[in-house]
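Participant: Each chain, letter by letter, is given below.
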Amino acid sequence: MHLPKFTYLNPTSMEEAVAFLKEHPNAGLMAGGTDILPRMKNRLDVPEVLVGLQGIPWEVPSVRPDGSLAINPLMTLDAVNRAPLIRERAPVLSDAALMVASSEIRNMGTLGGNLCQQTRCLYYNQRHSFQFMEPCYKRDGDRCYFIPKGRKCWAVFMSDTAPGLISLSTEIRVVGLEKMRTIPLEELYTGDAKKPFALDPDEMVSEIIVPEAPGSRGEAFFKFSLRGGVEFAALNVAAVLDMKEDRKTCAQARITVGALSSSPRRALKGEAALVEQELSRDLFFEVADIVAKEITPIPHHGFSAAYLTECLRVGTMRVLESATERIRRKK
Amino acid sequence: METKKQKLLLELSINDESYELAVGPQETLVEVLRNHLGLTGAKEGCDTGECGSCTVLIDGKPVLSCLTLALNCQNKKIVTIEGLGKEGAMTIVQNAFLEKGAVQCGFCTPGMVLATTALLEEMPAPSDRETKKALEGHLCRCTGYNKILEAVGLAVARSSGGSAGT
Amino acid sequence: MGDLEYVGKRVLRKDGPDKVTGRAMYTVDMQLRGMLTGAILRSPYPHARILHMDVSRARALPGVKAVITAQDTLGIKHGFVETPRYPADQSPLAVNKVCFAGEEVAAVAAIDPYVAEEALDLIRVDYELLPAVFDPEEAMQPGAPEIHPTHPKVEGPFKNIGGKTASGWGNIEDGFAQSDLVRKDRFESHLRTHGYLEPQATVASLEPDGKLNIWTSSQGPFIKRAKLAATLGLPFSSVRVQKAYVGGAFGGKIDLFSHEFCAALLSMKSGRPVKIVASREEIFSAYRHGQPLIVEVKTGVKKDGTLIAQEFRVINNSGAFRGSGVVVIFLAWGFAMLPYRVPHFKYEGYSVFTNNPIRTPQRGHGAPQLRFAVESQLDMIAGELGLDPVEIRLKNARDPNEQLPNGDNVHNCGLKECIRMAAEHTGFLGKWGKKGASPANGRMRRGIGIGVSAYFGGSLIYPNSSSVVVKMNDDGSVTMLTGAMEIGQGAETILSQIVAEELKIPVEEIQVIAADTETTPVDIGSWISGNAYVSGNATRVAAGEVRKKLLDLASESLEADPADLILKDKRISVAGSPDRGFTYRELVRTSIQKRRGDPIMGEGHWRTMRDEPVHPSLATAKGRWSENYAFDAQTAEVEVDTETGQVRLLRAVTAHDCGFPINPLLVEGQIDGQISMALGHAFFEEILMEDGKTLNPNWLDYRMPTIHNVAPSEHLDVITEEYKVGQPYRTKEVGEGYVSAILGAIANAIYDAVGVRLFSTPFTPEKILRGLGKIK
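Protein chains in written order, with this note's numbering: chain E, 1 to 331; chain H, 1001 to 1166; chain B, 2001 to 2776.
No lab work stands behind these hints: they were computed from the structure.
Do not rely on the hints blindly, as some may be mistaken.
Some chain H residues flagged as far from chain B (calculated, every beta-carbon gap over 10 angstroms) [as the list claims (entries may be wrong)]:
(1) Leu1009
(2) Glu1011
(3) Val1023
(4) Gly1045
(5) Gly1060
(6) Asn1072
(7) Met1090
(8) Val1113
(9) Pro1126
(10) Asn1146
(11) Ile1148
(12) Ala1157
(13) Ser1159
Partner residues are not named here, just some residues of chain B that face chain E (Cβ under 8 angstroms, in silico) [stated by the list, open to error]:
(14) Arg2042
(15) Pro2113
(16) Ser2279
(17) Pro2613
(18) Lys2693
(19) Leu2695
Given the structure is predicted, the values throughout are model-derived calculations rather than measurements.
Glycine included, every Cβ here is placed at the ideal spot set by N, Cα and C.
The following block holds chain E by itself, in its conformation from the complex (with noise of 0.2 angstroms):
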């Protein structure tokens, strides 16, 4: 399967790389190419001029006079596991960055490529030539195969470590040029699976900062798909919570799930439920529920949604109660 032609351009800094976006509004962004490259193949992106960002190179983690954790989005996902910083600081994104895909794509995708991946359906990502030929929804046409009577897209966004991520309040710096913006990495989505990401034709991702842990901290990651490896996620589930003094109770709590939905979801009524009170195992039952209740997820890939409902319960519980053993062990 050949790729479609097109102009390469290679920049070697940031600055380059949005004069180029700047230039060329329709330019496809490639940064590991472990995303577009697939898309180009079936033909989604056919792209007159695509950018490149191998030739940027990148620096390790570090950490910010504020105590925040800077984490350059061109690292590969590979690296992002390795990265004793990471490892130490934000430990939900070690674990997520391990579980995407196969070694050979972690080698090659970015973290900033796993969070701006586009929206996935059955119908979509494939090539069309004979196979659902009349354009959905996302590929600028006018109908759902998958939802038929159906008036939007219904494509869920799968990244691994977003939910991780959002569950760390983290913030991203999103370039374009002559401009400049930090808003938090949860705001980057908009929700809308035909246009997920919240950036002008010239904008890209440029730095991810994950703020300091208030105090006593646990996190966990949990990714649910039918093999147990490589392929992407039935759903996702990153818990992160901090604790107050007593180590016992908690102060607050960020649940964010993927898979389900055309954006990560908060699940901020399980959040709640989780502030001021003691943990247990009986209070994760309760938010288990609760979450399970306040996300509807979009069946996808072959999953039903009251499987899928089922699942995020089981998830939701499997999080919470890792994030408890990582406070535990911290003792």
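Assemble the complex: chain E is given as a structure, and chains H and B must be docked to it using the hints.
Facilitator: Positioned in the frame of chain E, the structure of chains H and B alone reads:
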């Protein structure tokens, strides 16, 4: 640096040999290896990064050559299956695969061998989990993976005290 | 096993070094000078009339060297089955209508893939949509849209019947009347696919002298040659199909594929070599998948567990053409009647046309689906009677030398011993029925189950036999010519071992020339489980002829009785007087001098059931089917996560009466691979289709087992014969038989673990959670 849709002149280092090639920007490394250089050991089991049969080593790391643009491979050391072994002698990993019966149709074999080679270069005594994580992206329909794991074990045993790549 | 040096040994495969070094050349790797890229235009509709096709703009595109449609063909059809009852029904390119989404309507050859892609876009086809039907039971209904007329010999109101198999013996109503317990169940086996790593690929090159050279990823070159020659209107001598390494097949690369025909015709039209490689997406969505089967089985037993009566109704969704559908409904009959003795038996199988891509054999071809049904039901029956799964199977399992209802004999059947060994080795009865007791964490439940199956080695379907030539070289080494096809199973290696044993020559000194319709003799092909038995015996006969000639010469020159001579290290000497002897090299020279130039060659032929002229009737199952049956019992130990519904196969044990293993290392590899395939069948793999279109045409979403899902696989050999130099043997097949019993065993193990009985595959987590009441 601007490049147009026309071909580029690239210099690639593959298996310690230097090749000068005229290549379009859209050509992937696997296409260049197979169609320009006759190095057909890297296979196209899917061409979309889902099966591992196109795996090569770039600067010692296993990557998917079907998702690697050839033009991004300059100034890098590429090793394909054809580059393992010296003067007709096979490596420890290759011999282990043979002796344990870890080869049937052979289509996944180059990728598996290269990934195993890279794994043992990095960690001479990987755990079961580490081995499986390293090979999880390699589909095999023939062996069920049992004998592949045995081959890795044999290669580990034979390599202790030496490099698995020679 | 006696004093054998090569057969029965763990000989390393001959093609191993080529494969681990990347030297092995597969069809996809071939490059010929001036080679063009071929590409195929496919129908987007599952059922439509072709009103008009315009290829003129494609033909005019610079870089396009040939464009073909049905109009450019001779209109000769082909099919998996080509008999008077079931004549060929497929056209390589659609003629008047298309019957499945993905059906081939046109093909182009161009100077590169970019031009080929553009050319396809320039072909215009006008279709008139026709109503379509996808479910076989719907397609059978009298009111269903007609894809093809029901077979003229099938009575009844059913529509879209490609073929029917009906057979029985005894009196089924009497049988049920005599039974103490009768139960009827319905089982559904879903759509799965082969998952071979090497894509479908063909290189075709018309030579200036008119010879059409073909390399194609296949399971045997002779059937390809026959069908290509027929459809292209060429004599066999003008078509040469040659060996390339094959990256797996599993039943998916047997009969003629459109792209093979197209590559050939495009080469003939353009005068240049043409290569067509199917994309992975095309393979998953337009190529042949396995046969889904609905199995309805009604069984009557005595209260001691003895089977009295069994009635089957099997429905096959064969896709848009007959494919191997009429074979699978025959085979399902066979796999139903083989392992257990059933006095009153009635079988009815229907192969039904639907507007889906054509289906084809997939490893086991009906056995997995059938054994899943029968073994599951037998456990349910045992449960109702208060019997355990082992005793009920021993009660009904066939014995050695038992005569089968169709006239075959099971000969050296080791089924009972397989059941006993499997049960004993796993401590089955100590583990079973413990209501899922498990270690530590309460959410995991463990269970154990057993299943039984049977398979056959070699049957009569074109090409019906194998021949081998073994020739000595001047220096005493040997070259063998065999049409056998190496598809990963080690065909060439085991045949070399046989030659090595007969002639006492090291395997490394035997050169194998294989799978070339021009130079090697005909071979039965690697899709009828006949390599070890049919090709192996042919090899033995050929080598035996060489052996006899060598012995005769030596006996003459040494003035000794052949019985007193020993073959060793390419030399023949007198027993007890080793210095009285001649090397093979010397004997070859002697032969040329004394035997009118005969350089010592041997030819061997073998055919299963030499006394039977034809294959059994697919429609009535009358007639002898095989003389080589293999039996096995498999156990599965599983662990069910009652929270997520996921099941892990902890341990699989295969007890098989393999005859004797020619190469135990290769046999182990076959068993491991089949356990893995069964694992995929049981838990992960499913082709999802909607209105004739495939939703998951890629490796990510068609979930084959990865290395994370490796299942510990043990095997127990029940040896029922031994190899003796110069004697025919009946060793059993090992390539297809072990994907079936394990499926029933897994279903039974899940029931043992969590009390959930599943009637359809795959055994998804959702089904298990529903069974546990966790999802309503």
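Participant: All hints are to be evaluated individually against the structure, with a verdict given for each.
Facilitator: Okay, the hints, checked on the actual structure:
1. Leu1009: The claim holds: leucine 1009 (chain H) sits with its nearest Cβ about 20 angstroms from chain B, beyond 10 angstroms.
2. Glu1011: About 23 angstroms separates glutamate 1011 (chain H) from the closest Cβ of chain B, which puts it past 10 angstroms; holds.
3. Val1023: Given that every Cβ of chain B is farther than 10 angstroms from that of valine 1023 (chain H), nearest at about 14 angstroms, it holds.
4. Gly1045: violated, 5 angstroms
5. Gly1060: Holds, because the least Cβ-Cβ distance between glycine 1060 (chain H) and chain B comes to about 18 angstroms, which exceeds 10 angstroms.
6. Asn1072: Given a closest Cβ separation of 21 angstroms, the condition holds.
7. Met1090: violated, 7 angstroms
8. Val1113: violated, 6 angstroms
9. Pro1126: Per Cβ check, proline 1126 (chain H) is outside 10 angstroms of chain B; nearest 13 angstroms; holds.
10. Asn1146: Non-interface label on asparagine 1146 (chain H) violated, nearest chain B Cβ at 4 angstroms vs cutoff 10 angstroms.
11. Ile1148: Check fails; 7 angstroms does not lie beyond 10 angstroms.
12. Ala1157: The claim holds: alanine 1157 (chain H) sits with its nearest Cβ about 18 angstroms from chain B, beyond 10 angstroms.
13. Ser1159: The claim stands: serine 1159 (chain H) keeps its Cβ more than 10 angstroms from every Cβ of chain B (closest is about 16 angstroms).
14. Arg2042: holds, 4 angstroms
15. Pro2113: holds, 5 angstroms
16. Ser2279: Since the shortest Cβ distance to chain E is 5 angstroms, the answer is holds.
17. Pro2613: At about 44 angstroms, which exceeds the 8 angstroms cut-off, the nearest Cβ of chain E leaves the hint on proline 2613 (chain B) violated.
18. Lys2693: Check passed: Cβ of lysine 2693 (chain B) comes within 5 angstroms of chain E, closer than 8 angstroms.
19. Leu2695: Since the shortest Cβ distance to chain E is 4 angstroms, the answer is holds.
The structure does not agree with the numbered hints 4, 7, 8, 10, 11, 17 stated previously, though it agrees with the rest.
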